[in-house]
Amino acid sequence: MARITASVYTSHVPAIGAALDLGKAHEPYWQKVFSGYEFSKQWLMANPPDVVFLVYNDHATAFSLEMIPTFAIGTAAEFRPADEGWGPRPVPTVIGHPELAAHIAQSVIQDDFDLTIVNRMDVDHGLTVPLSLLCGQPQAWPFRVIPFAVNVVQYPVPSGRRCYALGRAIRKAIESYDEPLDIQVWGTGGMSHQLQGPRAGLINRDFDNAFLDRLIADPQAQAAVPHIDYVREAGSEGIELVMWLIARGAMSERPPRVVHRFYHVPASNTAVGHLILENT
Amino acid sequence: MALDKPYLDVPGTTIFDAEQSRKGYHLNQFCMSLMKAENRTRFKANERAYLDGWPMTEAQKQAVLARDLNRCIALGGNIYFLAKIGATDGRSFQQMAGSMTGMTEEEYRDMMIAGGRSPEGNRYVGEDGDAQAHRQPQGGAGRSRGSGGSGGSPDAGKA
Numbered sequence: 001m002a003r004i005t006a007s008v009y010t011s012h013v014p015a016i017g018a019a020l021d022l023g024k025a026h027e028p029y030w031q032k033v034f035s036g037y038e039f040s041k042q043w044l045m046a047n048p049p050d051v052v053f054l055v056y057n058d059h060a061t062a063f064s065l066e067m068i069p070t071f072a073i074g075t076a077a078e079f080r081p082a083d084e085g086w087g088p089r090p091v092p093t094v095i096g097h098p099e100l101a102a103h104i105a106q107s108v109i110q111d112d113f114d115l116t117i118v119n120r121m122d123v124d125h126g127l128t129v130p131l132s133l134l135c136g137q138p139q140a141w142p143f144r145v146i147p148f149a150v151n152v153v154q155y156p157v158p159s160g161r162r163c164y165a166l167g168r169a170i171r172k173a174i175e176s177y178d179e180p181l182d183i184q185v186w187g188t189g190g191m192s193h194q195l196q197g198p199r200a201g202l203i204n205r206d207f208d209n210a211f212l213d214r215l216i217a218d219p220q221a222q223a224a225v226p227h228i229d230y231v232r233e234a235g236s237e238g239i240e241l242v243m244w245l246i247a248r249g250a251m252s253e254r255p256p257r258v259v260h261r262f263y264h265v266p267a268s269n270t271a272v273g274h275l276i277l278e279n280t
Numbered sequence: 001m002a003l004d005k006p007y008l009d010v011p012g013t014t015i016f017d018a019e020q021s022r023k024g025y026h027l028n029q030f031c032m033s034l035m036k037a038e039n040r041t042r043f044k045a046n047e048r049a050y051l052d053g054w055p056m057t058e059a060q061k062q063a064v065l066a067r068d069l070n071r072c073i074a075l076g077g078n079i080y081f082l083a084k085i086g087a088t089d090g091r092s093f094q095q096m097a098g099s100m101t102g103m104t105e106e107e108y109r110d111m112m113i114a115g116g117r118s119p120e121g122n123r124y125v126g127e128d129g130d131a132q133a134h135r136q137p138q139g140g141a142g143r144s145r146g147s148g149g150s151g152g153s154p155d156a157g158k159a
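Chains as they are written, first to last, in the working numbering: chain A, 1 to 280; chain B, 1 to 159.
These are computed hints drawn from the structure, not numbers from a lab.
Note that the structure is predicted; figures quoted are calculated from it, not measured.
Heads up, some of the hints might be wrong.
[What the hints assert, rightly or not] Listing some non-contacts, in silico: residues in chain B with all C-beta distances to chain A over 12 Å:
| id | residue |
| --- | --- |
| 1 | PRO6 |
| 2 | ASN46 |
| 3 | ASP52 |
| 4 | GLN62 |
| 5 | GLY77 |
[Said to hold, decoys possible] Which residues of chain A face chain B? A partial, calculated answer using Cβ under 8 Å:
| id | residue |
| --- | --- |
| 6 | ARG199 |
| 7 | LEU202 |
| 8 | ILE228 |
| 9 | HIS260 |
| 10 | HIS264 |
For every residue, glycine included, the Cβ atom is placed at its ideal position computed from N, Cα and C.
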C-alpha cells in the first residue's frame, strides 16, 4: 500500500525563483534565504519520495476570473511551467501521476470534498518555487508531482478547519492505494505578507512562530483559527497559510518528528517559513 | 440580510471578495490578457486604444493609465491580476507593493530588510499605525505632502 512518510512546508515567494533563475542565489540577501534549505536538500536526497502531493495556490495564472475552483487536483501526465508575464521559469516540466491522482479524486469526492478534476493546467511559481528550493536546479524533477491548487485569491477562501479535514481525507485516499509508493505531502505559501494597499509589507514574527508551534503540536487548535485572524495579524496574503493545514491533516494522528525548522525575514515582501515533519 | 464581513475594518487593506470580484471582472480580465507577449506589445504601443477594447469603466481605465494600483484595487482589481501590468512594465512585486505605500523603492526595501511593517497600530481602522489613512502617503512622499506625488491615495483603505 502507499504510505505518507513526511510533510514539507515552505513559502513560495516568486522572487526566490527569479533569484535562482537569474543567478543571484549567491548574493548575501538571498544566501540568508537559501541557507535555510541546505539541510532540506540533503534530507530529501536521503529520503526520496516516489510522489509529492503538492498543495499550492494558483496566482491568476491557470485560473482567470472566468472560473476559480476552490480545490483542484491535477490528473494530467505532465504540467508545464507557466508564463506569468515574465516568460516561463527555466525549470523542468512537472511529471504527474494520473493513476494516483484519479484514485485520490475518487476517494476524496466521496468523502464530501468537491474537487475539480483538471486535465490541463500550467503551473506557476506557487508550485515550482518549492520544487526549486528543495531540489535545486536539476535537469528533471526527481519525483512525480500531483498538483493540488487551492483558491486563496478570491474570498471567501476555504476555512482552516475545512482544509485540515480535507488533509485527513487525502491521507485516507493515499493509504488505500494499492501500489507501495512513498509519498510526501507538501503545504506551501505564506508566511505573513501583504502585497496591497498602504499596509503592504506587513510582517508578524510572533504570529508566524506561534503558527509553526501550533501546526506541529496542536494542529486541531490552529485549524479553528478564523480567516480574519490571518488577515489582521499576518496580512491579506498571509491567508495562504491555511494550505499548510491540508498537508498537516494528511499526517498521522501520532505526534510527528520535527526534522527541520527555519524562519527568515524577508524574501521580497514576505516572511519565509519552512518545516519538515516526519511521520513516526 | 447583510452578510458578515469582519475584514472591512482592517486599515489599508481591501479584501478581494465576491463583490470586489464582480466589480473588477473586466479590469482583471484585461490584466490576464497581458500574459500573451503579442498583447503586451499591442498594449504598450497604444494603451488607451487597447483599454478601449475592454468593457471597463472609465475610472478603471484612468487608474490603469496612471498605474495607480490603490485606485485599481478600490475599483475591483486584484493584486495577482494587476501584477501582469507590472510585468509588462518590467516591475517586480516589491516595486508594485511599495508603490501603494507612497514610499520610494529604496525606503520600502529598507523597511522589509529591517523586518517589515509592524502590525502594531495597524490591526483596526482608528489606531495610529503607519498604514492608517491619516498617515498616508508614507515615506518621502508623506514628508513632502501636497506636492502631487503618485500612489498612496488617502482613501485607499476604505471599503
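Item checked: Structure versus earlier hints - violations, ascending order -> Numbers 1, 5, 9, 10, in rising order.
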